[in-house]
Amino acid sequence: AQSVTQLDSHVSVSEGTPVLLRCNYSSSYSPSLFWYVQHPNKGLQLLLKYTSAATLVKGINGFEAEFKKSETSFHLTKPSAHMSDAAEYFCVVSVSGYNKLIFGAGTRLAVHP
Amino acid sequence: SAVISQKPSRDICQRGTSLTIQCQVDSQVTMMFWYRQQPGQSLTLIATANQGSEATYESGFVIDKFPISRPNLTFSTLTVSNMSPEDSSIYLCSGRLAGVGFNEQFFGPGTRLTVL
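Quick note, the sequences are listed as chains E and B, same order. The first sequence runs 1 to 113 under this note's numbering. The second sequence runs 1 to 116 under this note's numbering.
Same shape as in the complex, but just chain E:
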């Protein structure tokens, strides 16, 4: 079975400091992994996706994530946080050949001046 664990429910950083949102996955097959962001009262936006091409994936707004098979991790990072990054972030796994997306519980990122 596939599952996703987001290790932090809340992360708080100061503007201009690095962001790290942690995600571990479990999958019996080669997974596709995604990070989505949800701003307050907005829909979900795809930040980036891993689909087995390159282990370091660059997304929008300066975010990137690294797929580490040995650690079953797909952590999201950004070198310098901006106030507009404050939102809920979801790590998502999908198994090739299946249509279902499995969402993690989410990490709420707060950015302070």
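No wet-lab data here; the hints were simulated from the structure.
Computed, partial: chain B to chain E, Cβ under 10 Å: (1) Gln6; (2) Phe33; (3) Tyr35; (4) Gln41; (5) Glu58; (6) Ser94; (7) Glu104; (8) Gly110.
Which stretches of chain E does chain B cover? Using the computed rule of at least three CB atoms under 8 Å from a CB of chain B, they are: (9) 44–50; (10) 99–109.
Glycine is no exception: its CB is placed at the ideal position from the N, C-alpha and C atoms.
Here the structure of chain E is known, so what remains is to put chain B in place on it, guided by the hints.
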């Protein structure tokens, strides 16, 4: 990418009534999905909306409670029937584009439902 719109954006309903949520995509999509996001929770897949046939429901969701239609490749509806306060959630639809692999899905803005 695809742009997905939903109507209504929010509603407040009385217990025992039903609400139909519409989802419109600006591109033809192979698959459409309906999710529920309960307050403070993550997203849970309700069902896959299949064009021209009955939707495929996930465990814990049934057609009598959440009937779904998908008359064509760009439109779907979800009805929340006989509502109770426990149905208060955000309901989101998503679509998977033809030719886009790896199950990348685009999401609508959601419908925020409050049941009194």
